[in-house]
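Student: Protein chains in written order, with numbering that gives the first Met the number 0: chain A, 0 to 123; chain B, 0 to 647.
Worth flagging that the hints you see were computed from the coordinates, not collected in a lab. Since we're looking at a predicted model, the values are computed, not measured. Any given hint could be a false lead.
[To be verified] Keeping only pairs whose Cα atoms sit at most 30 Å apart, straight-line, the calculated DSSO-like set for lysine-lysine is:
#1 A:Lys123 with B:Lys633
#2 A:Lys123 with B:Lys553
#3 B:Lys525 with B:Lys496
#4 A:Lys123 with B:Lys79
#5 A:Lys123 with B:Lys320
[Claimed, not checked] Here are a few chain A residues that sit away from chain B, every Cβ distance over 12 Å (derived from the structure):
#6 Asn37
#7 Pro73
#8 Gln109
[What the hints assert, rightly or not] Covered stretches of chain B, going by a simulated chain A footprint (3 or more residues, C-beta under 8 Å):
#9 116-124
#10 183-195
#11 239-249
Where is the CB? At the ideal position from N, CA and C, for every residue including glycine.
Each chain, written out:
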Amino acid sequence: MTKIFLGIATAALMTAALGAQEPAQKPAPAAAAAPAGNIETGKKLWVSVGCWQCHGYEGQGGAAGPRLSARNLPFAGFSAYVRRPTNQMPPYTEKVVPNADLAHIFAYLQSRPAPPQTVPALLK
Amino acid sequence: MKKSVDRRDFLKGAAVTGAAALVPDAMAAQAPSPATPAPAAQGPRAGAAPTPARELDPGLDPESLVLDRSGGDFMVDVLKSLNIEYVASNPGSSFRGIHESIINYGGNKMPEFITCLHEESSVAMAHGYFKVEGKPMAVLAHGTVGLQHASMAIYNAYCDRVPVYILAGNSLDATMRRPGVEWAHSVQDAAAMVRDYTKWDDNPYSLPHFAESAVRAYKIAMTPPMSPVVIVLDGGLQEDPIQPEVASKLRVPRLTTATPPQGDAGAVAAAAQLLVNAQNPVIVADRLARTPAGIAKLVELAEALQAPVIDQHGRMNFPSKHPLNQTENGGPLIAGADVILGLELTDFWGTVNAFRDSLHRSSRSRIRTGTKLISITSVDLATKSNFQDFQRYPEVDVAMAADAEATLPQLTEAVRKLVTADRTTAFQARRTRLEQAHARGREAARNEAMHAWDASPISTARMAAEIWAQIKTEDWSLVSESGNSSGWVFRLWDFDKHYQHLGDSGGAGVGYGAPAAVGAALANKKYGRISVNIQGDGDMLYAPGVLWTAAHHKIPLLTVMHNNRGYHQEVMHIQRMANRHQRGITNWHIGTMIDNPNVDFAKIAQGMGVYAEGPITNPNDLGPAIQRALAIVKKGEPALVDVVTQPR
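If we strip away everything but chain A, and leave its shape as in the complex, we get (with noise of 0.2 Å):
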């Protein structure tokens, strides 16, 4: 069968593969790492480099991609991760996505709202 979670189920362990790898990267304070960007610059790009095809339009995750909105992610993972994935995500070099694009991308998944702090009724 279709193994369906295989991005949900992996979310978990690439986070910890995140954070072993935020080391090799300039030591900074999470907030202060990251660069300025437009988030609606980031919003476009979202779409047109293909980050919403695995991961959702919002970030919000699915079979294909883990959730990365509503994560507090600090950029040094966030950007090594994009670079060199170590499981199924496609790598997007620095050719193809510049620095400064990944930073507006990520200005953008920061500003993808939580979710709503009361449970909707359909789902209670």
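We have chain A already, so just place chain B on it with the hints.
Tutor: Positioned in the frame of chain A, the structure of chain B alone reads:
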């Protein structure tokens, strides 16, 4: 066939005037009138151009233009004895004989003729129907162009171990074929083109032969591993009168279906020993529950061991709310298991190994060294070579070539006998842990579903939740595949009945979804169930005519379009290639997206006589739209809601 009536008599008798006008004068002068048969034995006249002898079946009265009972009538008697409820088909001349026998001699009941607009739809309908009803539905198709159209759907059914009863029309006797189309529609060995992915076929030579083969085909199709079968129906055999000397010999053989094979007693004992002594046993089920009883049997085994169950959803195997349902926690459970029991797994290797689709394809084991693997699958009894649906070779410790559902009671019994007081205590502790994990899994799924709750395009979680809100108090049946909407239905809905989930296409041949849903809904109709289809846009566009079939036959079915406006799986594949080659990473839409113009599915459905709404882009509009559509479905008709969705 030898006994063919000259089917050209039809044209000559009924339309001498019309047809004769097309015949050149010289030939018309030579052509015998229907009332005066050409003397068959007469040789060429001396001195004159040779007069071709008229080919005429010696067994037939050349004077007669009508008959009382045809071979097709007897064929219908045989189909009735097999309790075949429906036959799906596009009409075709190679089976006009049996078509007419079904509707007139058979009274269009058992089987009833279901008008289809594509042979792929006919077979996929039969595929979906079986998974609800548990018995085969018949399909009629030309032995040539019909089977060609049907072949992908037959392959899907074969991969999904589903019996489909295929009757293919053909005209064997070359001298009796009408010139033109009938030649193009004739073939020496009709079943050859689908033989690689059917279990059995035959080309009956006589009516007694047909009777025996028809019953045998049914039995073979229904014996696990189940599979489509093909019976080729010669045109002459269908259309000719039943000869008196044959009539006296005609009888319908008795059908006794074979009991499915159970696992060998020694292997069952060895498996029980491993499972009882395991610290972390895991049960994985894929096409396990052939029948509703399969669910109860699996619950018994799981409870005897208090072992977690991972449902791979090839069938509805295990209730979603059962605390031992640990599908949500599948990854870590497999990684921590010391014994894994695989029940009718399509891919045992893929269950215990991870494969990376990157420039350097690689795989790694997902299990600890020393983990014991037990497999029970009937597919081990019949694996063919050409088509590679059998997946990578799994190295298991106990392999039972047997039907898993039939083997479960024995295995549970063997487990119970081995359980000591010590083990019972350990099992209880395991149960408590699993109950907590189950509750955490349900809650985590609910929390995940809240992300992008108000987004447009509408999230697949929101879509699943909106549908669930409308159907949960009904007797419902999800008649679609669910792989493309991130499995939200399994995470949010409450499945406990066999007909509530039917698995997927088997061969991943796109175009299965819509017709399989209509076929399953046809089976659900007489039970008054609400059939729900979450329908991919790409799949629907293969043969949307099946919507008309649903409207025409008043098949109640709620279709909710998961319209992500593309062949999304392929969008991701193209992205992967572009990234790998570091070029054109924004070109993923070329050749993959179904937009510009956007397809208006509501209009398509309306054009086929189906109530429809959409496209719906605001998530708040979705609930009311589903409610309105459901009201139509409750009146016994199909309805469609087109929802513009997130990709997965």
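Student: Checking one constraint from the list: CA of Lys123 (chain A) to CA of Lys633 (chain B), max 30 Å. Satisfied?
Tutor: 26 Å, holds
Student: Sort out whether Lys553 (chain B) lies within 30 Å of Lys123 (chain A), counting only the CA atoms.
Tutor: With Cα atoms ~35 Å apart, Lys123 (chain A) and Lys553 (chain B) exceed 30 Å; violated.
Student: Take the C-alpha atoms of Lys525 (chain B) and Lys496 (chain B), compute the straight-line distance between them, and say whether it is at most 30 Å.
Tutor: 17 Å, holds
Student: Establish whether the coverage given for the region 116-124 of chain B by chain A is satisfied; the threshold is a Cβ-Cβ distance below 8 Å, and no fewer than three residues must meet it.
Tutor: violated (count 0)
Student: With a C-beta cutoff of 8 Å, work out whether three or more residues of the region 239-249 of chain B approach chain A closely enough for the coverage to hold.
Tutor: violated (count 0)
Student: Does the region 183-195 of chain B contain three or more residues whose Cβ lies closer than 8 Å to a Cβ of chain A?
Tutor: violated (count 0)
Student: Compare the distance between the alpha carbons of Lys123 (chain A) and Lys79 (chain B) with 30 Å, and conclude whether the hinted pair is satisfied.
Tutor: Distance of about 49 Å is beyond 30 Å: violated.
Student: Find the nearest Cβ of chain B to the Cβ of Asn37 (chain A) and say whether that gap is larger than 12 Å.
Tutor: The claim holds: Asn37 (chain A) sits with its nearest Cβ about 18 Å from chain B, beyond 12 Å.
Student: Tell me if the straight-line CA distance from Lys123 (chain A) to Lys320 (chain B) falls inside 30 Å.
Tutor: Given pair Lys123 (chain A), Lys320 (chain B) holds - Cα atoms ~15 Å apart, limit 30 Å.
Student: Classify the label on Gln109 (chain A) as holds or violated, using whether its beta-carbon is more than 12 Å from each beta-carbon of chain B.
Tutor: 14 Å, holds
Student: Looking at Pro73 (chain A) again, its CB stays over 12 Å from all of chain B?
Tutor: 20 Å, holds
Violated hints for the displayed structure, listed by number in ascending order: 2, 4, 9, 10 and 11.
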